[in-house]
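J.: Listed below, chain by chain, are the residues.
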Amino acid sequence: MSDKQNGNTHKDTSSEPPLLEVRDLRTYFFTREGTVKAVDGVSFAVQRGEIRGIVGESGCGKSMTALSILRLVDKPGRIVSGEVCFKGEDLLEKSAQEMTKVRGEQISMIFQEPKSSLNPVFRVGTQLVEVLKVHHVAKRKANELRAVELLREVGIPDPERRVSNYPHEMSGGMAQRVMIAMGMALAPDLLIADEPTTALDVTIQAQVLDLIRRLRDEHGMAVMLITHDMGVVAEMADIVTVMYAGTAVEEAATEPLFDEPLHPYTQGLIASIPVMGQIKERLDVIPGNVPNLIDMPPGCRFAPRCRARVEHGLTRCEVEEPHMIEARPGHFVRCWLYEDGGEDNA
Amino acid sequence: MSEPQNLLEVRGLKVHFPVKSSLLKRTVGLVKAVDGIDLDVKRGEILGLVGESGCGKTTAGRAILRLIEATEGSVMFDGTDIFKLSHAEMKPYRADMQLVFQDPYSSLDPRSKVGDIVGEGLRVHGVHDAGERRERVLKALEMVGLTEAHMRRFPHEFSGGQRQRIGIARALVLNPKFIVCDEPVSALDVSIQSQVLNLLKDLQEELDLTLLFIAHDLSVVEHLCNRVAVMYLGKIVEISSREQLFGSPQHPYTQALMSAIPVADPKAKRERIILQGDPPSPLNPPSGCRFHTRCREAIDVCSTAEPQLVDLGVNHLCACHVREMQMKQARAESLQLV
Chain R
1486 MSDKQNGNTH KDTSSEPPLL EVRDLRTYFF TREGTVKAVD GVSFAVQRGE IRGIVGESGC
1546 GKSMTALSIL RLVDKPGRIV SGEVCFKGED LLEKSAQEMT KVRGEQISMI FQEPKSSLNP
1606 VFRVGTQLVE VLKVHHVAKR KANELRAVEL LREVGIPDPE RRVSNYPHEM SGGMAQRVMI
1666 AMGMALAPDL LIADEPTTAL DVTIQAQVLD LIRRLRDEHG MAVMLITHDM GVVAEMADIV
1726 TVMYAGTAVE EAATEPLFDE PLHPYTQGLI ASIPVMGQIK ERLDVIPGNV PNLIDMPPGC
1786 RFAPRCRARV EHGLTRCEVE EPHMIEARPG HFVRCWLYED GGEDNA
Chain P
15 MSEPQNLLEV RGLKVHFPVK SSLLKRTVGL VKAVDGIDLD VKRGEILGLV GESGCGKTTA
75 GRAILRLIEA TEGSVMFDGT DIFKLSHAEM KPYRADMQLV FQDPYSSLDP RSKVGDIVGE
135 GLRVHGVHDA GERRERVLKA LEMVGLTEAH MRRFPHEFSG GQRQRIGIAR ALVLNPKFIV
195 CDEPVSALDV SIQSQVLNLL KDLQEELDLT LLFIAHDLSV VEHLCNRVAV MYLGKIVEIS
255 SREQLFGSPQ HPYTQALMSA IPVADPKAKR ERIILQGDPP SPLNPPSGCR FHTRCREAID
315 VCSTAEPQLV DLGVNHLCAC HVREMQMKQA RAESLQLV
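Quick note, the sequences are listed as chains R and P, same order.
Take the first sequence: its position 272, counted from the start at 1, is 1757 in the numbering used here, and no numbers get skipped.
Take the second sequence: its position 122, counted from the start at 1, is 136 in the numbering used here, and no numbers get skipped.
Honestly, the hints are just simulated from the structure, not real lab data.
Idealized CB from N, CA, C, for every residue including glycine.
Any given hint could turn out to be false.
Ranges between beta-carbon positions, derived for each pair [said to hold, decoys possible]: (1) ARG1801(R) x PRO106(P): 58 to 66 Å; (2) GLN343(P) x VAL1606(R): 53 to 61 Å; (3) GLY1519(R) x ASN329(P): 41 to 49 Å; (4) SER1649(R) x LEU44(P): 24 to 32 Å.
When you get a sec, could you build the whole thing from the sequences and use the hints?
T.: In structure tokens form, the structure reads like this:
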């Protein structure tokens, strides 16, 4: 665990600059109904070789954060402000051509639905070779051999035969391995995995998570793992960012986060999942629903659902937005309970 | 005579789907989605049916409700073999047996108002008085935590959790005895999932319902169910009480399934059993025990003979040659000691 302590982002304690640093990223969608603030001031950093978990429920902006990093946001969406520093360079300043080189070679991404991410009319080998070809890696024959090798590396049995399969001939787990092979093809420094196992069965999920962990260990590749599953983050991540309604609400190394979650939302999230071996008469519930991203509550976004606010009789939550503060060493939280010695009042 | 203890008894249920050739529409194979399962559901219990995608759990649930015609087998509901009934004779039973669907987005008609969606079953089952219908719809909506104002709205105005509540109200409106819940929470966010699970538990207790709860998520099943059956490729491999099954899972597949679930506790370092390969196709299931191709404990007999569900003691049924042998061995040893 000791090497994980320097994973925090808000302080510059580590000697090495982070591989990726996102600062105050804002991505808005300008629709007829109004401005949807999908990502609204998210900051975090990913160190080399680290698995950074981003966890939150649907609509919290976790996928949009990833797409913004790669500048894959489509209209009517736009990155309105912020910085995405990758190896010291701001990706938001790069030209479209330069970005093409970053995608795949430096940062690659895998998606939730492996089958819909692959082209159904081409053999998987062809699709793998294409990645190598576009980035001018080597001659055709060498590329084909490399494709087989990549499939072997991600644990596909009989890769010589599988390379000429079409996506529909593969199972979901197999297709996700192919996606990972494509992501790995150019040996990127960062792999963004957006809900990589959500569409898979648990036994297959265990295989794919194991593979991602192994590739990180062997190649020292950093992973940004986006998921809604607290179990998956607990098992995989070194450090976790919890997102709610477009902002990061808590950040800490995995163990302290689960040992002592600070934000009422994180606490509710952890308490509301049924845990095997612990039978509760009733599950804890976070009341209400995620707010509409168009007309967000003015203060803390979680305030309307927050029980801690009521228990502690805090009034500022509904008018003023809290800041991300370091409540414990390396443990950041965005909540009035912890600000200005707010805990003493509690 | 009092009512039989089991509300539902499934015997030898098989559902085979023919695979037709594209040109001549000849049957070229059979997908054995459900291949001979026996299941008892006791009055007032929640029986969990778990397994991974493609194991046949949804097909089994629908065949039990006769929404899919079974190939073989029988289902006794409240003492009547419903597979022998004609369509007309079946109708009163349909009111007693309801279904809650997985996807609350596609299972509600987007062009109907909530009141009509929930009330449709009443209309079908001969409640022609609009006033009575309205009253019963309102009662069902109130049971799931919705109000009168919601009746005039359309499904798109609701969130996923609320839609699932509407789906549950639709199942409740006819006062059924038995509800099949087919993955009712797997499309919902975690914070909403717990709301719906609590609701199902409350309703079951209040209305003394009997539920067949189909799910792939073992932790959800452990939370809710009294007994649990585990399916693999069209067969039940293990069935027992919740305490037994989760306390000491016996079948190697159940054990692997449990160890594969990520636990939201970074300090829980467990020995992971990672199964190799994918589940085989139900079009051409392996011979003998269907799990032997991925089982780390498989012995020779597993690939030739099909294991039967055997009681390992305390009503813990398991279909596994290895466990059966171990049990017999243990018994023989204890006899020798005596």
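J.: Each of the hints needs a verdict: does it hold here or not?
T.: Status of each hint after checking the structure:
1. ARG1801(R) x PRO106(P): 58 to 66 Å: Holds - the Cβ-Cβ distance for ARG1801(R) and PRO106(P), about 60 Å, lies within 58 to 66 Å.
2. GLN343(P) x VAL1606(R): 53 to 61 Å: Holds, since GLN343(P) and VAL1606(R) (Cβ atoms, about 56 Å apart) stay within the stated range.
3. GLY1519(R) x ASN329(P): 41 to 49 Å: Between GLY1519(R) and ASN329(P), where Cβ atoms are some 59 Å apart, the hint is violated.
4. SER1649(R) x LEU44(P): 24 to 32 Å: holds, 29 Å
Of the numbered hints stated above, the single one contradicted by the structure is hint 3.
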